[in-house]
Amino acid sequence: MENPKKHLLSAQIDLSKFSEANFIPATEDEKRQQDVMSESTTFFKDGMRKLFKNPLAVASLIVLACIILTIIVAPMIVPYRYEEILSVNGRRDKGAKNLAPFTYSEMEQKYIAEGGTRFPHIFGTDEQCRDYFIRVVYGTRISLSVGFFASIIVLIIGMLYGSISGYLGGRVDLIMMRIVDIIYSLPDMLIIILLKVVLDERLSFPAGSFLAKLGTSMVSLFIVFGLLYWVGMARLIRGQILSIKENEYILAARAIGASSGRIIRKHIIPNCLSVIIISTALQIPSAIFTESFLSFVGIGVKAPMPSLGSLANAAREGLQSYPYKLIFPALMICLIVLSLNLLGDGLRDAFDPKLRR
Amino acid sequence: MSEPLVEVKNLKQYFPVRSGMKTQMLKAVDDVSFTVGQGETLGLVGESGCGKTTVGRTLLRLYEPTAGEVRFDGELVTDKNIHAMRKQMQMVFQDPYSSLDPRMTVEDIIGEPLDVHHLCSGRKERREKILELMSYVGLNAEHARRYAHEFSGGQRQRIGIARALAVNPKFIVCDEPVSALDVSIQAQVINMFEELQEKLGVAYLFIAHDLLVVHHISRRIAVMYLGKIVEIADADELNEHPIHPYTESLLSAVPIPDPEITRARQRIILEGDVPSPLNMPSGCAFRTRCRYATEQCTRECPALSNRGGGHQVACWNR
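Heads up: the sequence lines are chains A and B, in that order.
One rule links them: number in my numbering = place in the first sequence (from 1) + 1340.
One rule links them: number in my numbering = place in the second sequence (from 1) + 91.
Next up, chain B with everything else stripped away, as it sits in the complex (with noise of 0.2 Å):
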């Protein structure tokens, strides 16, 4: 494999949570390293809370990690250079109908990341660049004028592309870009997330709760439990031989819209609630709920290991 577009190593977010007294420490990611390569697709998976969003947002440095580091093509990013950085990286938002100001017209929003890099020379350039990104994601040139407010949830959406868009990044986090979206807007936009990349060459860090969204468009898919990386693996791979129990629960609760499959499979629930990520289990953070949980599980943490073919799991017992 070539040499790798992001490479994220033992990135940590803490948050300091104040309860009464003392502060302790919310541990929203903890210890994640993946890497993207050029022109692909990560997919993040995991359930409200696991810290899918903050991974995003640490990454490009909305929030400052506690530790760890990211490299872009090689360099380090760092508080100094992100400002040319953000050039190179984009992020997506999830909601799009507080993503966009209300007070700006979409040549505005859209023409916002070419003022703040002084991308283009003159009036007319930056209305023909505006133009041109409009066209990318199916806006017409007419809507330039409107306000955000007058959009549809997919056109707000296909606005917010067009604004990560602008600046021609190289890698783009899309920070569940469709799940506000109804269903057949999801595909529409999924699939013009994929023939954007066939375009441009621009690689997606795709962080969804949908896994079928999720192996729709990514090359490889991670799995997040409670901010850490429990496994990850190639789509179709994982798909068919997940490995790790929550991988495993979380696959046999994708709706399959096939009464005769449905009745035939077996569905895992899992046990109990997730634990508060205030109040961690020792080990494994997947202990409280895994059928195959043993005495190691409660003392060691499991770390990522190869299972061949760049299947990587984090579990001791699988």
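In isolation and in its complexed conformation, chain A is listed as follows (with noise of 0.2 Å):
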């Protein structure tokens, strides 16, 4: 067989010596073992399998799923509402003050001897005569919607303002930082009190609105945390559109004669949207424990409406005599922050592109 080497120095290789009748074709099993083996995922599925094998995760998520049908369900089952002042036979219920869980009052008690039947007070109820357990699971709620809503509004600003100033790049992108930095080096608490405070006072909207449904301290404490908060999300999305504008496939794209707006839409935001989705879930926790702290300060949303934090307030004046008051939002806090930051985790090992293999 002829196969004359190009160069001396040629690291061809001598076919000569791979002659047909040294080589068997491959049975049809042998090739169906090939394409089990070679079996292809996509990106997503790949980094849902990771996800679900990290156990940590899953259990955070299992725990998230139940809060969030809790507190889903809840409202529907128990026939308390947050601010009601418990009452028996329409006659205000005035022994019903600070219950421990599972207990009736003397005129349950008696309600109960009669023959009626009464929901049993699951955390018992607080100083002034209301469930506790449904307070609780409002303040949850709140602290929940709270913490989603304000990482969506800190994900919108900081990614425009954060792929606006790595993509452009140059003077503007100097500017834009500067003025990030500027942001950053304010103490935030401070801010977010003082903030907090004139909004509170300023804000208003027209009755009957969703806004105005869901008040004002809600709304500013929103407006706060996407004031503050996006600094971080827009450097860390800048960061990431620098890194992988120097990439050399957007060059390649280039090359191709691809435009920019197919570039950012093919090459760019399909790159960065795990890390997106990471940082916001991360995101979220911070958000709910900053609530709950200002809710505990005293400046978060408005009585009678509860809050996690707020709650954890209110139970201090009698914590020696009833510590299960504190215990169960503390408990609710843990695990919301606890959960959310290991699912965090998770999803970071597993959509990473730089801790794959």
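Treat the hints as calculated values from the structure; they're not laboratory data.
Any given hint could turn out to be false.
[Claimed, not checked] To give an idea of the interface, some chain A residues facing chain B are shown, with a C-beta separation under 8 Å as derived from the structure:
{"id": "1", "residue": "Glu1446"}
{"id": "2", "residue": "Gly1555"}
{"id": "3", "residue": "Asn1587"}
{"id": "4", "residue": "Tyr1589"}
{"id": "5", "residue": "Leu1591"}
{"id": "6", "residue": "Ala1592"}
{"id": "7", "residue": "Ala1593"}
{"id": "8", "residue": "Arg1594"}
{"id": "9", "residue": "Ala1595"}
{"id": "10", "residue": "Ile1596"}
{"id": "11", "residue": "Ala1598"}
{"id": "12", "residue": "Gly1601"}
{"id": "13", "residue": "His1607"}
{"id": "14", "residue": "Asn1611"}
[Stated by the list, open to error] No more than 35 Å apart at the CA atoms, straight line, and that leaves these computed lysine-lysine pairs for DSBU-like:
{"id": "15", "chain 1": "B", "residue 1": "Lys118", "chain 2": "A", "residue 2": "Lys1585"}
{"id": "16", "chain 1": "A", "residue 1": "Lys1585", "chain 2": "B", "residue 2": "Lys178"}
{"id": "17", "chain 1": "B", "residue 1": "Lys220", "chain 2": "A", "residue 2": "Lys1585"}
{"id": "18", "chain 1": "B", "residue 1": "Lys100", "chain 2": "A", "residue 2": "Lys1585"}
{"id": "19", "chain 1": "B", "residue 1": "Lys118", "chain 2": "B", "residue 2": "Lys261"}
{"id": "20", "chain 1": "A", "residue 1": "Lys1606", "chain 2": "B", "residue 2": "Lys220"}
The C-beta atom is built at its ideal place from N, Cα and C for all residues, glycine as well.
From these two lone chains plus the hints, build me the complex, please.
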């Protein structure tokens, strides 16, 4: 067989040694084995598979699902409202103050003895004769939704700002990032408190609108978060885009003739999406923490609306006699924050391309 | 010789470098001229940082050239017609790991040029075209749905080559396409480049720092030093009769796997370091390390001059 090497030093394989007689064609079975080994997965599927292999992430997903299910379902089952002062047969139940979990007041006991049914106070009652369980459930609702919406606001502002700064680069980037630095250097708790106090006074919404239903305190909370916490997100996304922009595949796309719009849509956004999702997941617990802190200090949501922080604050007064009133909301904060953090870590491990293989 | 396919005339690419208060010009490519014929391979060698890659990228207008012109098929390449020109001129990148988008399947990577230039009418046609391209470069059809990270370096480089071939170009800039691969894979990929050239008649500008590789694939070779071409000649002519002292020393450094020859030959070791491109020596850029340097070299920069048979050298003394 003729197979002259093109160059004396060429590493080209001498094909004459590989005559057909030395090879047996693969059987169908062997071919199928190859297929099984080379089963292709998409990036997303691969990430999800990895996520579900992480026991901590799975556990925190289950915990979160339970919490969310509870805050949706519980208000439908429990016959009390969060601001309702307990009463029996239309008469105010003055004895239902600071009840321990699963106990009834004297009036309620009499009522049950007479053949009535009364839904148990799972977490007991508070000092104003309100069912504590439903208050904790509503507090969780408020805290979770504050965390969720605040992160979305942060994400939108941060993503727009960061991607403009990163993609344009040069002088625009310089100026935009100095603004970020200035905001970053402000003591954020102080600004939050000042802004909150001012906004609570100034904000007003037409009655009956969605925002009015939420209440000025909630809306001003969102605004405060949006205005302050986007800087971290903007920096992160700018950094991502800067590093992705330098990759050769962006240059390759330009060599092909792709437009800027196409490069952003097809190459840059998909490549920083996982980082964005992960940091949003990690943003939620920090927003919940801040909200709890503000409510604890007394400038969070307005009474009688509960939040986990304000519940914990209210529980301080009778701490020695009724410690469970602090334990329930505190436990809830811990569970939410911990499971969101663990889930965020799990997401990062599963989707970060740099940790792959 | 017939009309050249690509003609580069006095191409210059300077980058502004800010150091403190003043802005200096980094002359990455300084007055480079060469031609590449139809279906021909021109090798471009030189050490790291001498501007090889910049030549390739400026040629394709990935950088805006400071001065000079590029003609393709006699037509001047400008910003206006570059989109159409990209159908004719393509590029294969050095690093097969970073030149493929990790979030795209092979099918989408190879199909991207088809989409950008609207080269196929339907999904079916696109798919057929992609499979055809994949078979050109020796990839199986079942690879189409996979992601780039599932492949080895050599296979990734094949994907990159298939992407460049998708628009059916007449000219491909190969920017060190094999230097990131190990030697056995290098041979495969280089042979593939040659086969594709025979089959499709594409011309290459083959950039590399390995003289052996370049000699293997190129008909002609250009040697670069600090942004300038110092010698252009036919591959064999350059190999056997190098004229420029820099080429001489490069050739003497090529490893030959034969101890007899290695012992017998004289190794020319250059003294000193490559001068900083920000602070170029006056006159000939190579004079600081040249053993033939004379007073004339400090004063004037030598231009390429013909030494017969298409052998051009930029040197006063040789």
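Hint by hint, here is what the structure shows:
1. Glu1446: Violated, because the Cβ-Cβ distance from glutamate 1446/A to chain B comes to roughly 67 Å (cut-off 8 Å).
2. Gly1555: violated, 42 Å
3. Asn1587: holds, 5 Å
4. Tyr1589: holds, 5 Å
5. Leu1591: holds, 6 Å
6. Ala1592: holds, 5 Å
7. Ala1593: holds, 7 Å
8. Arg1594: Since the shortest Cβ distance to chain B is 6 Å, the answer is holds.
9. Ala1595: holds, 5 Å
10. Ile1596: With Cβ-Cβ at 5 Å, under 8 Å, it holds.
11. Ala1598: OK, holds: alanine 1598/A within 8 Å of chain B, min 5 Å.
12. Gly1601: violated, 11 Å
13. His1607: This interface hint holds because 5 Å falls under the 8 Å limit.
14. Asn1611: holds, 6 Å
15. Lys118/B x Lys1585/A: holds, 24 Å
16. Lys1585/A x Lys178/B: Holds, at roughly 23 Å.
17. Lys220/B x Lys1585/A: It holds: about 29 Å lies between the C-alpha atoms, which stays within 35 Å.
18. Lys100/B x Lys1585/A: holds, 31 Å
19. Lys118/B x Lys261/B: holds, 29 Å
20. Lys1606/A x Lys220/B: holds, 21 Å
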